[in-house]
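Enquirer: Each chain, letter by letter, is given below.
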Amino acid sequence: MDKNNNLLTRSEVVFMVFSVMLGVGILSLPADAAKIAYEDGWISVIVGGIYPLYCILLIGYFHKKFPNDNILILSKKYFGRYLGSIFNVAFLGFFIFMPAAVLGGYINVVRVFAEGFLASYKMVLVLVLVIAYTCSKGLKLLGRISLIVSIITAVIFFSPISALEVASIKNIMPIGKVGIKNIFAASKTTIFAYQGIEVMFLLYPFVKDKKNVIKDSFIGVFITILLYTWVTFISIYYLGADIVVKSYWPFLQVTESVTISVVNNYRYIFMFLWSLSAVKAMVTDYFGGVIILNDFKKKKDIKAASYLLIPAVFIVSLKFSNKIDRGELLPKISEYYLIFILIWVTTLAVLIFIKDSIKKGR
Amino acid sequence: MENGNLQNNIDYVINNLGLKSTAVIKRFYIGKEILTEAAIIYISGLVDKDIINRDILKPLMDKVNEDVNGKEDLCDYLAKRYISMSDSLIEDDINIAINRIKKGSTILLIDGVLQCLVFDTIGTSTRSITEPENESAVKGPREGFIEDFKVNISFIRKKLKDKNLNIEFYTLGRRSQTDVAIIYIDDIVDKEVLNELIKRIKAIDVDDPFYTGAVQQYIEDYTYSIFPQTFATERPDRVAADITEGKIAVLIDGSPFVIIAPALFIQFFQAVEDYTQRTIISSFVRLLRYFAAFVVITLPSIYLTLLKFNAELIPIKFITPIIQSRIGIALTPFLEILAMEIVVELLREGGLRLPTKIAQTLSLVGGIIIGDTAIKSRIVSPTTLLVVGITVISTFLIPSYDMAIVIRMLRFPMLILADVMGIYGIAVGWFFILVHLSSLESLGVPYFEFHKSDMKDTFIRAPLWKMDKRPEVIPSNNATRQRNFRDKIRGNKK
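These protein sequences, in sequence, are chains A and B.
For the first sequence, the working numbering begins at 1 and goes up steadily by one.
For the second sequence, the working numbering begins at 363 and goes up steadily by one.
No wet-lab data here; the hints were simulated from the structure.
Glycine included, every Cβ here is placed at the ideal spot set by N, Cα and C.
A hint or two may mislead.
Claimed, not checked - Derived DEER-like restraints, expressed as beta-carbon distance ranges:
{"id": "1", "chain 1": "A", "residue 1": "ILE50", "chain 2": "B", "residue 2": "ILE767", "range": "49 to 57 Å"}
{"id": "2", "chain 1": "B", "residue 1": "ASN557", "chain 2": "A", "residue 2": "SER357", "range": "47 to 55 Å"}
{"id": "3", "chain 1": "B", "residue 1": "ARG489", "chain 2": "A", "residue 2": "LEU7", "range": "43 to 51 Å"}
{"id": "4", "chain 1": "A", "residue 1": "ASP325", "chain 2": "B", "residue 2": "LYS553", "range": "37 to 45 Å"}
{"id": "5", "chain 1": "A", "residue 1": "SER162", "chain 2": "B", "residue 2": "ILE767", "range": "52 to 60 Å"}
{"id": "6", "chain 1": "B", "residue 1": "VAL727", "chain 2": "A", "residue 2": "SER162", "range": "28 to 36 Å"}
{"id": "7", "chain 1": "A", "residue 1": "LYS215", "chain 2": "B", "residue 2": "ARG640", "range": "51 to 59 Å"}
{"id": "8", "chain 1": "B", "residue 1": "GLU834", "chain 2": "A", "residue 2": "ALA154", "range": "20 to 28 Å"}
{"id": "9", "chain 1": "A", "residue 1": "ASP325", "chain 2": "B", "residue 2": "ALA565", "range": "50 to 58 Å"}
Stated by the list, open to error - Just so you have them, the derived chain B footprint on chain A, three or more residues with Cβ under 8 Å:
{"id": "10", "stretch": "104 to 118"}
{"id": "11", "stretch": "122 to 129"}
{"id": "12", "stretch": "141 to 148"}
{"id": "13", "stretch": "165 to 173"}
{"id": "14", "stretch": "195 to 202"}
To be verified - Below, in silico cross-link-like pairs of lysine to aspartate or glutamate (EDC-like), each with a Cα-Cα straight-line distance of 20 Å or less:
{"id": "15", "chain 1": "A", "residue 1": "LYS122", "chain 2": "B", "residue 2": "ASP583"}
{"id": "16", "chain 1": "A", "residue 1": "LYS140", "chain 2": "B", "residue 2": "ASP583"}
{"id": "17", "chain 1": "A", "residue 1": "LYS137", "chain 2": "B", "residue 2": "ASP583"}
{"id": "18", "chain 1": "A", "residue 1": "LYS137", "chain 2": "B", "residue 2": "ASP781"}
{"id": "19", "chain 1": "B", "residue 1": "LYS553", "chain 2": "B", "residue 2": "ASP524"}
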């Protein structure tokens with residue numbers, strides 16, 4: 001029982017890790033993966049999973065050295081106050097970019113499939129407000145929501161099982177045809193689906209069971225990799241790489257193969273559940289921003305920070321809800337941030353290691 | 363008592379009871395030769411006069427065949443020798459005695475004695491014990507709480523004979539001075555939760571706490587949330603079961619409802635039959651209830667979005683009859699659904715307090731005539747009526763009235779969201795409901811939180827003998843509820 005305790009429980013850690021990555025990615029990921037790797041797209045997805053695993057490894061290292069300080073404090077400590085703060089601001093930018101990108105992607109899909117009548121700015125505004133409200137309630141609530149929503153929405157991943165029957169094995173054969181080089185090249189494009197895991201750099205001190213935080217994070221990452229692989233695999237298996245590449249949201253097409261007798265198609269239920277799932281991902285991303293913003297403020301107040309972030313996310317989301325802009329901007333920003341975060345956290349880890357060795361040497 | 367002057371003491375008591383109270387003073391003499399003056403005081407209407415006449419006045423006035431004047435410990439002597447009542451006690455503090463008079467006791471004052479005798483002569487008429495109408499169970503005990511405080515406590519005491527069952531008494535209300543009892547099992551309850559509850563009960567400072575429902579509102583955290591944060595029940599068996607789970611019961615004098623705190627969201631979806639019926643049947647019924655709650659909140663909205671925005675999702679075979687039935691209807695789907703929902707709410711609220719005889723007319727006029735004529739006069743389509751009808755029936759599945767009314771209310775904002783934003787609105791609405799529920803707490807205990815080990819008794823009801831642990835979500839000091847005794851029955855000795 002965790003009365004008056006605002007730390008995350010073990011299962012909440014697993015589902016938060018899982019939630020923050022599994023947003024809109026599931027719909028478009030097969031297309032991204034198959035663009036270069038064709039039939040072997042699903043292997044690229046597995047390879048792409050190296051990124052979150054690497055992040056968790058570093059988090060494990062930070063956590064071991066400084067169980068109570070998150071990366072914001074470490075950054076200021078090791079890069080100096082100014083440089084460290086600049087990095088933190090850049091990191092804040094990432095957490096404005098992330099929820100906005102997910103939100104934009106979500107709005108895109110919903111408008112195409114069910115909501116053509118509603119202007120995107122209205123949808124964005126409503127959603128940003130709901131997200132800010134959710135974040136204002138604090139971390140513990142996010143943990144609970146991640147857990148509950150993940151379980152409620154689990155059905156969307158398994159709904160296309162019936163597609164297994166009708167699909168052709170030829171669609172994925174021969175395995176490994178495109179060669180290792182292409183598989184790796186494709187895995188780069190799959191990384192956007194895994195981005196968001198960086199939020200754990202901020203959250204690891206707020207976990208109840210300090211011993212198992214890394215183990216639980218790994219479980220979360222593994223579930224994510226598994227589900228992403230399954231999603232990509234079933235899309236390619238059912239539609240074939242040629243169609244997957246031509247489709248914006250191949251997984252949605254696969255789910256439409258599910259027939260429920262009363263409802264004409266499954267789209268409505270899918271849209272409902274997937275909306276919950278996507279909002280949950282945005283909320284966790286957004287909360288990353290809230291934590292960083294809160295870190296800069298003198299008066300620590302999650303509520304105020306949550307509402308302060310609204311305008312920024314709203315504006316960026318509007319940009320990303322345009323399909324063309326999104327297609328151009330997203331891969332670039334995503335890649336810049338990937339490089340930045342990799343260099344930043346790796347350098348940080350190296351610095352900690354060096355300082356530690358010097359200390360021990362003395 | 364400051365002195366033994368009888369008249370002074372009587373005046374003091376009467377002053378404190380209120381000069382215009384219905385207090386009765388009966389003066390009489392005790393003794394054979396040398397008479398000692400004495401008086402009994404009680405409030406008429408609160409006492410059983412037969413007891414007073416038979417067990418107090420008669421022995422003292424008739425049977426005392428000796429001179430008691432100047433005897434040491436006179437009260438003690440009289441009580442032991444002459445008073446044939448079991449419940450009598452000697453009181454030194456007259457103010458405590460006065461408080462007891464207010465609750466139906468009778469006191470005996472003797473001239474020249476510094477103590478008084480207090481007799482329990484409470485004798486107000488109470489309602490007979492019946493099955494609670496709003497919480498009846500097909501298979502389960504038939505008794506319900508009544509307005510009598512002591513009887514209510516005895517119900518719980520009878521069900522839980524454990525020595526650790528603690529009953530603490532408090533008085534609430536400046537004017538009403540209502541008795542309140544807090545009941546819990548000492549070695550199960552979490553002390554932090556208990557102290558929090560006691561703190562809140564003690565803090566209540568009102569003229570009169572009036573009803574259980576008022577006290578519930580005084581002690582809860584979120585005034586503007588629509589969800590009930592403590593549970594009120596009329597069933598002693600439910601209270602006993604909840605106390606053994608580590609919850610705390612609050613009894614208020616004069617109310618047949620007992621508050622159980624901390625309350626959980628899922629608690630409002632559980633009924634007595636869940637435990638008296640067989641496992642699979644109970645699980646099915648329970649799932650049905652959650653489904654019903656979902657239907658009440660969402661079905662009208664889904665229907666609306668299908669009609670208004672996403673007609674392409676309706677199967678072709680359905681769409682023809684729906685369109686045909688809608689020809690010539692002036693109202694938009696939204697107004698049509700809203701109008702019918704409001705009519706249903708009017709009927710429900712109207713029928714709530716009507717006598718049964720008139721209620722029949724209401725259901726006839728409401729259900730049959732309005733339903734039929736609404737379709738014939740082309741105000742609503744039959745499909746809409748069907749959807750609204752299903753929704754109304756579904757609301758009756760939720761066992762707790764407190765929760766049913768909340769669920770019923772939620773469909774209106776949902777309908778508006780659906781009208782403005784379609785399926786996206788419904789998704790946002792549901793997300794908001796989930797966020798709101800998760801953010802609530804009852805006495806610091808999360809209102810809507812799920813633990814893996816509690817799943818045995820949340821959405822389904824696992825075999826009773828498998829529920830070895832108390833619910834994890836309610837803090838408790840003793841997690842084990844029972845041993846897995848079925849292994850012995852089955853011969854697998856462990």
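Enquirer: With reference to the structure, classify each hint as holding or not holding.
Expert: Hint by hint, here is what the structure shows:
{"no.": "1", "hint": "A:ILE50 x B:ILE767: 49 to 57 Å", "result": "holds, 53 Å"}
{"no.": "2", "hint": "B:ASN557 x A:SER357: 47 to 55 Å", "result": "holds, 51 Å"}
{"no.": "3", "hint": "B:ARG489 x A:LEU7: 43 to 51 Å", "result": "holds, 50 Å"}
{"no.": "4", "hint": "A:ASP325 x B:LYS553: 37 to 45 Å", "result": "violated, 58 Å"}
{"no.": "5", "hint": "A:SER162 x B:ILE767: 52 to 60 Å", "result": "violated, 40 Å"}
{"no.": "6", "hint": "B:VAL727 x A:SER162: 28 to 36 Å", "result": "violated, 49 Å"}
{"no.": "7", "hint": "A:LYS215 x B:ARG640: 51 to 59 Å", "result": "violated, 40 Å"}
{"no.": "8", "hint": "B:GLU834 x A:ALA154: 20 to 28 Å", "result": "holds, 22 Å"}
{"no.": "9", "hint": "A:ASP325 x B:ALA565: 50 to 58 Å", "result": "holds, 57 Å"}
{"no.": "10", "hint": "104 to 118", "result": "holds (count 5)"}
{"no.": "11", "hint": "122 to 129", "result": "holds (count 4)"}
{"no.": "12", "hint": "141 to 148", "result": "holds (count 5)"}
{"no.": "13", "hint": "165 to 173", "result": "violated (count 0)"}
{"no.": "14", "hint": "195 to 202", "result": "violated (count 0)"}
{"no.": "15", "hint": "A:LYS122 x B:ASP583", "result": "violated, 33 Å"}
{"no.": "16", "hint": "A:LYS140 x B:ASP583", "result": "holds, 18 Å"}
{"no.": "17", "hint": "A:LYS137 x B:ASP583", "result": "holds, 15 Å"}
{"no.": "18", "hint": "A:LYS137 x B:ASP781", "result": "violated, 28 Å"}
{"no.": "19", "hint": "B:LYS553 x B:ASP524", "result": "holds, 18 Å"}
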